[in-house]
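> Protein sequence lines, in the order shown, are assigned to chains A and B.
Under my numbering, read the first sequence as residues 21 to 132, first letter to last.
Under my numbering, read the second sequence as residues 2 to 117, first letter to last.
For the record, the hints were derived by calculation from the structure and aren't laboratory data.
Do not take every clue at face value.
In the DSS-like style, the derived pairs of lysine-lysine whose C-alpha atoms are separated by at most 30 Å in a straight line are [stated by the list, open to error]:
hint, chain 1, residue 1, chain 2, residue 2
1, A, K89, B, K45
2, A, K78, B, K45
3, B, K28, A, K69
4, B, K45, A, K69
Simulated restraints on C-beta separations [stated by the list, open to error]:
hint, chain 1, residue 1, chain 2, residue 2, range
5, A, L38, B, E73, 48 to 54 Å
6, A, H30, B, K45, 19 to 25 Å
7, A, S34, B, E64, 46 to 52 Å
8, B, Q81, A, A21, 29 to 35 Å
9, B, Q82, A, K89, 43 to 49 Å
10, B, Q81, A, T97, 41 to 47 Å
11, A, T97, B, R65, 32 to 38 Å
12, B, R65, A, K78, 40 to 46 Å
13, A, S104, B, L39, 22 to 28 Å
14, B, Q81, A, H102, 40 to 46 Å
15, A, P99, B, E73, 26 to 32 Å
16, A, S127, B, V84, 23 to 29 Å
Cβ coordinates follow ideal geometry from the N, Cα and C atoms, glycine included.
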Amino acid sequence: AQSVTQLGSHVSVSEGALVLLRCNYSSSVPPYLFWYVQYPNQGLQLLLKYTTGATLVKGINGFEAEFKKSETSFHLTKPSAHMSDAAEYFCAVSRGSYIPTFGRGTSLIVHP
Amino acid sequence: NAGVMQNPRHLVRRRGQEARLRCSPMKGHSHVYWYRQLPEEGLKFMVYLQKENIIDESGMPKERFSAEFPKEGPSILRIQQVVRGDSAAYFCASSEYGQDLIGGYTFGSGTRLTVV
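Just chain B, same shape as in the assembly (with noise of 0.2 Å):
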């Protein structure tokens, strides 16, 4: 039973470039949750989404950022033209349940973004 699968792991661009980070949550989970994580600082909020649907996005940026969880393949962060200021790792977590997490969430190990 694999748990959730983030790839890549390590990710270098350019300025400009794109980024594109991919997540797979856990069999059984049609929700998905991305996270930034910046240094000496917490987890935040970016997009909740469920299978062809954004719920939430109020904590994505509203430039550059976007994200997609379609009907078949893993779930997409989309970054582009990549800032140093995206250095960050990046977290995707399932859950079976929306909102009222009662059984917490399950999180993948993450893709590093740093920008060259």
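Chain A with its partners taken away, still in its complex shape (with noise of 0.2 Å):
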């Protein structure tokens, strides 16, 4: 069995600021991890993905997320946040015979 827990159903942050979105999960096997974005009506986009190999993973507009075992953890995260990135962010679980499982999303708020 697999979940996927997102803490915080909203983030705000100021433009300029570290961005930190929280994602812990649970797996019976090894995971493969992923954060999708979804821009307001539209679908969702791969971001970054985790499968094997080297724990910090890079994405797309500049966010980066570190698999970390010990902590069942997922974080995103971003340096500095651009108004651009104003969206809903979704962690999901999946390996082997299981369907993805999605959170329930965090929306971050980016303040000028």
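Each of the two chains sits in its own frame; use the hints to bring them together as a complex.
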């Protein structure tokens, strides 16, 4: 079985500030982990993914995430927020025979 | 190289009518997944299909909902006798590989169903 918990349904930051979106997972097998971004009235776009290898994963638009097995976490970060980063972000876990499970999403609000 | 195409983008139905949502996967993708997104909730898995086969429908409501992915043409999610609670965004995703999603999904832009 697998599950995803995203802490905080809304995260608010100022433009230029650090972005940190939290994701914790549970999985009975080594997981594949994903972050997706959804802009208003659009579908989800893949930001980055972890499958195997290096635990620090870099994605598009300056985002990165680190897989920490000991903490069962895959938090998403960006050093400096931009207004265009305002969107809904979803963490997802999958592996093997499991259909990916998505978290509830975190809405990122960026203030000027 | 067109992405996942969903139509219509917006669909309004009166209670009791039928809703038909279409999804054409990316070229070369033979695995299709339907998800539903309710307000203030995440994406909930509904059904996973390959051509002419339903692989996993564990997330589908037992009544009124059905899905198909014929040999030719798009995948169809069909909701009969819609109720207000069916109002949601329905997303289709496709992948080249099945269950072990190394590449991750490619999502369509969704169909926003409103039941009035």
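> Look at each hint and say if it fits the structure.
Comparing the hints with the structure gives:
For the hint linking A/K89 to B/K45, the alpha-carbon distance of about 25 Å falls within 30 Å, and the restraint holds. Between the alpha carbons of A/K78 and B/K45 the distance comes to roughly 27 Å, so the proposed pair stays at or under 30 Å and holds. Only pairs whose Cα atoms come within 30 Å are accepted, and B/K28 paired with A/K69 is accepted, the gap being roughly 22 Å. A threshold of 30 Å between alpha carbons decides the hint, and for B/K45 with A/K69 the separation of about 20 Å falls inside it, so the pair holds.
Between A/L38 and B/E73 the Cβ separation comes to about 50 Å, which falls inside the hinted range of 48 to 54 Å. Take A/H30 and B/K45: their Cβ atoms lie about 20 Å apart, and the range 19 to 25 Å holds. Remark: the range hint 46 to 52 Å for A/S34 to B/E64 is upheld by a beta-carbon distance near 48 Å. In this structure, B/Q81 and A/A21 meet the distance hint of 29 to 35 Å, their C-beta atoms being roughly 31 Å apart.
Take B/Q82 and A/K89: their Cβ atoms lie about 47 Å apart, and the range 43 to 49 Å holds. Our hint of 41 to 47 Å for B/Q81 and A/T97 holds, since their Cβ atoms are close to 45 Å apart. The beta-carbon spacing between A/T97 and B/R65, approximately 42 Å, falls outside the hinted interval of 32 to 38 Å. A beta carbon spacing of about 44 Å between B/R65 and A/K78 agrees with the range 40 to 46 Å that was offered as a hint.
Range check, A/S104 to B/L39: about 26 Å between beta-carbon atoms, so the 22 to 28 Å window is met. Checked against the hint of 40 to 46 Å, the C-beta distance between B/Q81 and A/H102 comes to roughly 45 Å, which is consistent with it. A/P99 and B/E73 have their C-beta atoms about 49 Å apart, which leaves the hinted 26 to 32 Å range violated. As the Cβ distance of A/S127 to B/V84 is approximately 27 Å, the hint placing it in 23 to 29 Å holds.
Of the numbered hints listed earlier, those contradicted by the structure are 11, 15.
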